[in-house]
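Quick mapping for you: the protein sequence lines, in order, are chains C and E. The first sequence maps to residues 1 to 370 in the working numbering. The second sequence maps to residues 371 to 666 in the working numbering.
Derived by calculation from the structure, the hints in this document are not laboratory data. Bear in mind the structure is a predicted one, so any value in this text is a computation, not a measurement. Note that the Cβ used here is the ideal one computed from N, Cα and C, for glycine as well. Just so you know, nobody snuck in bad clues.
Coverage of chain C stretches by chain E, computed from C-beta distances (three or more under 8 Å per stretch; other residues unrestricted):
#1 68 to 76
#2 87 to 96
Counterexamples of contact, computed for chain E against chain C with all Cβ distances above 10 Å:
#3 R395
#4 L424
#5 M506
#6 P513
#7 F580
#8 L597
#9 S615
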Amino acid sequence: MAEIVIENAVKKFGKFTAIDNVSLTVHEHEFLVLLGPSGCGKTTLLRAIAGLGMLDSGRIIIGGKDVTYLAPRERGISMVFQNYAIFPHMKVFDNIAFGLKMQKAPKAQIQERVENAAKLLHIETMLDRFPSQMSGGQRQRIAVARAIAVESGIVLMDEPLSNLDALLRLEMRAELKTLLKRLGVTTIYVTHDQIEAMSMGDRIAVMRNGKVLQLDQPTKVYDLPVDQFVGGFIGTPPMNFLHGHVHQNGAGYVVRLGDFSLTPPQDVHPALAQQRDKPVIIGIRAECMEPMKTASPDAVPVTIDVVEPLGAQNLLTARIGQDTIKVSTHPDFTVSAGETIWLRFPENKVRYMDADTGRALAAETEKALA
Amino acid sequence: MSAETFSNAPVSVAQAQAWDAQRRRARIQLRLRRAGVYVVAVALAVWILLPIWLIANMAFSTPQDVRAFPKSFFPNPISLESISFFLNAQGIIPSTGNSIFVAIVTVVLSTILAVPAGYAIARYVFRGRDAIRLVMLSVRAFPIVVLAVPLAVIFLQLGIFDQPFTLALMHTALTLPTTILVISSVFASVPFEFEEAAQVFGCTPLQAFFQVVLPLALPGIAASAILTFVLSWNEVFAAILLTLSNRTLPAHILYNLDKSSDPFKFASAFVMLVPSLIFIFFIRRYLFNMWGQINK
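Could you build the full structure based on these sequences and the hints that come with them?
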């Protein structure tokens, strides 16, 4: 059993609330990413789970055991630190063996597990070296090997890739994901890098100001952000936000964007009914719009400000009314600045949000809040 | 600016000459600044090295050469006469023994006390931390005489006056502030993450300290121990006040100074100097490294 349950966790530093009543469950074998901007409480939460910082209130249950007030060594976890925290006075072997030695494991078992872990991380030829003779990427591997050698079933990772250069990070990202899946360990992974979160996590918990805003699969978080912050934080470029207005149209509702009308799907109508005659935010991803070079009654005309050819896509910056919008197009869609194009908004790709709170107006969030 | 520099537009002769002159002036200024730095560095080095050289030179000259004038820059012939006379003089060997004993006891006591104190100051924010720091420094702010005279009275009352061990207690009190501050800066340079990692992987806080922090801090602690040794070795005022028959080397030399000859003085000065020189040789690396270099 390696399930982690956090109930109503609260942590304050003086007047600042770092963790504000967080409850979440990490399932066995799951890779959960805590994602958020710096200062959102993600590292504080991870440290609380590790026992490196006590909660002010709430409970932490690991594998069915309440560990809220236990020391780190009594929690049955292992951890990879942001700066690796590899012990410089020990050889690589002793670093990886550290946890096992503290458990007083038999010598043969230590030997076997250290060699296995080193093999998995491709550092089996370096066991006799000191960490100072190794590169940043190799030290990263020692840190991971040390964490998996104890076979605790739970690995906590605090921005483990943030000190690597871009290319190495890309490589380690895929390698770590495969490795941790194969070993079946429960992982909690802290990062501020939304691409890392999207690519690695089974689920992502997006945090801000000490609260978990959304906890869902990466695609769900991406396609159906729970509010304007999540939509803007995840994705490159971030989700576009346009200012529209809700109007009643017979029995249903339309959202007017200048002279243009969008027809929201039926399940949003109850939520829109409460916003009648009020402004509303229209959220749409850059790649979700259909750009066209000819006018069409179901498309909005926009004027292009900037064209950025990025190889895999052409990124257009255009203006609709007072709003700026980023549109990702196929590289063959050749336009230049100053031209007018027409954008079609597919009904199921548009996310409507409350103009005051930024919260998504959608059936599932209404349910979640109820 | 860059548009000017890289354009191929024709430049007038006057303009080109002006640029040339400007560049020459800048180059001269740069050289003058560099020369200035060297002059200051050489002056500082001479300021410190000249007396040391003078002492060493005289210590290894014959007594006749010591009194001769002008003096030669190198001892010629090299003579061990003064040194051996000094070492064989009455009371030198026992007082050297006393000095070594006092210094070693001081090092042991002050290190044992300073390691936990320095660790606490480096790691924990506790009520009164700044006050404790201030009190420790203020011990150094008092003149030694203010401390030594009442202590001499207390030691007399306790019947432990005129003993090397008692002097070592006094030296421990004197060196402790410095030792604690140096050792706390050594601990501060060991990242706290190491301790946390050790605790996650099964250590109690105490085990984490002994397994991870102490080995990493050991070179710095050794350096501070050598510093303490030299402080005790060189200390003379408390040594004179607190001992009569069991004098340490500097106290013994100082006490007999007006009765001794010039060659004897130079030889004694040289013998006193040697431990400090050896100390600086070994400690140099750690003094440069003391603040925040153990990350790797």
